[in-house]
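Asker: Spelled out from the first residue to the last, the chains are:
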Amino acid sequence: MNVLVVDDSGVMRKIIARSLGALGVNSIEEAGDGREALEVFGDGSRFDLVITDWNMPEMNGLELSKQIRADGSKVPIMMVTTESEKDSVLKAIQAGVNDYLVKPFDNEMLKLKLNRLIKIEA
Amino acid sequence: MLNGSITSRELCPFFPPPRAAAGCRRIMQQFILDAFVTAATEVFETMMGRKVVVGSPYVVTAAICEQDVNSMVGLSGGLPGNVIVGVDRKLAIDFTENVIGHATDTIDEQVIDAVAEIANMIVGAAKCKLTQYKLSMSLPSVICGRGLTINFPGNVRPVCIPFDLEGAKLSLCVGLYDESEPSEKCELPEIAAKPSRGPVLAFDNK
Numbered sequence: 001m002n003v004l005v006v007d008d009s010g011v012m013r014k015i016i017a018r019s020l021g022a023l024g025v026n027s028i029e030e031a032g033d034g035r036e037a038l039e040v041f042g043d044g045s046r047f048d049l050v051i052t053d054w055n056m057p058e059m060n061g062l063e064l065s066k067q068i069r070a071d072g073s074k075v076p077i078m079m080v081t082t083e084s085e086k087d088s089v090l091k092a093i094q095a096g097v098n099d100y101l102v103k104p105f106d107n108e109m110l111k112l113k114l115n116r117l118i119k120i121e122a
Numbered sequence: 123m124l125n126g127s128i129t130s131r132e133l134c135p136f137f138p139p140p141r142a143a144a145g146c147r148r149i150m151q152q153f154i155l156d157a158f159v160t161a162a163t164e165v166f167e168t169m170m171g172r173k174v175v176v177g178s179p180y181v182v183t184a185a186i187c188e189q190d191v192n193s194m195v196g197l198s199g200g201l202p203g204n205v206i207v208g209v210d211r212k213l214a215i216d217f218t219e220n221v222i223g224h225a226t227d228t229i230d231e232q233v234i235d236a237v238a239e240i241a242n243m244i245v246g247a248a249k250c251k252l253t254q255y256k257l258s259m260s261l262p263s264v265i266c267g268r269g270l271t272i273n274f275p276g277n278v279r280p281v282c283i284p285f286d287l288e289g290a291k292l293s294l295c296v297g298l299y300d301e302s303e304p305s306e307k308c309e310l311p312e313i314a315a316k317p318s319r320g321p322v323l324a325f326d327n328k
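Protein chains in written order, with the numbering used here: chain L, 1 to 122; chain F, 123 to 328.
Misleading hints may appear alongside valid ones.
Each computed DSSO-like pair below joins lysine-lysine, with the alpha-carbon atoms no more than 30 Å apart [claimed, not checked]:
hint, chain 1, residue 1, chain 2, residue 2
1, F, 256, L, 86
2, F, 256, L, 113
3, L, 91, F, 251
4, L, 113, F, 173
5, F, 251, L, 66
6, L, 74, L, 91
7, F, 291, F, 173
8, L, 66, L, 111
9, L, 66, L, 91
10, F, 251, L, 113
11, L, 86, L, 111
12, L, 86, F, 212
13, L, 111, F, 173
14, L, 111, L, 91
15, L, 86, F, 291
16, F, 256, L, 91
17, F, 256, L, 66
Under 7 Å between C-beta atoms, here's a sample of chain L residues computed to sit facing chain F [to be verified]:
hint, residue
18, 9
19, 11
20, 12
21, 14
22, 15
23, 18
24, 22
25, 84
26, 85
27, 103
What the simulated footprint calls covered on chain F by chain L, stretch by stretch (three residues with Cβ under 8 Å from a Cβ of chain L suffice, anywhere in the stretch; the number is not a length) [as the list claims (entries may be wrong)]:
hint, stretch
28, 265-279
29, 288-301
Think of the hints as simulated: they come from the structure by calculation, not from any bench. Note that CB positions come from ideal geometry on N, CA and C, so glycine has one too.
Kindly produce the complete structure, drawing on both the sequences and the hints.
Answerer: The following block contains the structure:
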């Protein structure tokens, strides 16, 4: 399983990567904002999952998700953010986000969400 | 009334009740403070599994950075101002090791980034509990070292809230301008800023 983790906070990328590692996911690529993520993502064929923050410089996670969908990729996208308002969740879903994880989170919650996304992908 | 159906007790049962002692000054509504207290508790209980004990809040005329690493996040919208999240050396290092596995005994770049993320999560989580104010937040800035005095604009009464996390220390200083009716605001004792030998940082959001 290859996961792209997108967050402008290096610490948060490490937190997510560490959590993924604990769940047996060891192939992780990182990007610091949406624009960089699109470059890393390419045609998306090598990724099984994208985990992205919402608020980032250059291009935010919402725009990134829209662009990934506009390019035709069906890769599962999980938004990890402090934005927990109903309107924000709706906007994310409309942008093509498959699941939503609110910060702060623990490994159990991330595991539940990952299992759900893997099933979606299958 | 901005949110008459929600009381501070419902939002944050461990938060000490407002005090109305003589000489107290009116400050922002208590449910605003509760949002930050709840957010801070959530962050440390979820990310570190630490038991969080909330101390008694107090009003200050200026905030002194009393902790080793202090991260400041600006808010704009219906509650403009700044929130300062201070952690002592032990908590900063323990948190960093706990969440990213970076073991160190110094306040290095990773520790500073981790403290910035703590502030980002606390203020972000509080912001989501205060949706009626349509808040936007800045990226966190980090100040290392104790003793810096931070002055807020004259219309802001900053409130400091101390926490104990199993021996480690956390402090929140919430300096936001609440435009709501004074009759809705809670009252807290005011503590004059202690003399500081450090530099003074002043804000003016007019």
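Asker: Decide, hint by hint, whether the structure agrees.
Answerer: Going through the hints against the structure:
1. F:256 - L:86: holds, 13 Å
2. F:256 - L:113: The given pair, whose Cα atoms are some 28 Å apart, holds under the 30 Å limit.
3. L:91 - F:251: holds, 18 Å
4. L:113 - F:173: holds, 26 Å
5. F:251 - L:66: Given pair residue 251 of chain F, residue 66 of chain L holds - Cα atoms ~27 Å apart, limit 30 Å.
6. L:74 - L:91: Roughly 18 Å between the alpha carbons, so the hint for residue 74 of chain L and residue 91 of chain L holds.
7. F:291 - F:173: holds, 12 Å
8. L:66 - L:111: holds, 25 Å
9. L:66 - L:91: This hinted pair holds, its Cα atoms lying about 10 Å apart.
10. F:251 - L:113: Holds - the C-alpha atoms of residue 113 of chain L and residue 251 of chain F are around 23 Å apart, at most 30 Å.
11. L:86 - L:111: Distance of about 23 Å is within 30 Å: holds.
12. L:86 - F:212: Given that 30 Å is the threshold and the Cα spacing comes to 37 Å, the pair is violated.
13. L:111 - F:173: With a Cα-Cα distance of about 23 Å, the restraint between residue 111 of chain L and residue 173 of chain F holds, given a limit of 30 Å.
14. L:111 - L:91: holds, 24 Å
15. L:86 - F:291: This hinted pair is violated, its Cα atoms lying about 34 Å apart.
16. F:256 - L:91: holds, 16 Å
17. F:256 - L:66: holds, 24 Å
18. 9: Cβ of residue 9 of chain L sits 5 Å from chain F, so the hint holds.
19. 11: holds, 4 Å
20. 12: Interface hint status for residue 12 of chain L: holds (6 Å vs cutoff 7 Å).
21. 14: holds, 4 Å
22. 15: Result: holds, 5 Å to nearest chain F Cβ.
23. 18: holds, 6 Å
24. 22: Since chain F brings no Cβ nearer than about 10 Å to residue 22 of chain L, farther than 7 Å, the hint is violated.
25. 84: Result: holds, 4 Å to nearest chain F Cβ.
26. 85: Cβ of residue 85 of chain L sits 5 Å from chain F, so the hint holds.
27. 103: With a closest approach of 5 Å, the residue 103 of chain L hint holds.
28. 265-279: violated (count 0)
29. 288-301: violated (count 0)
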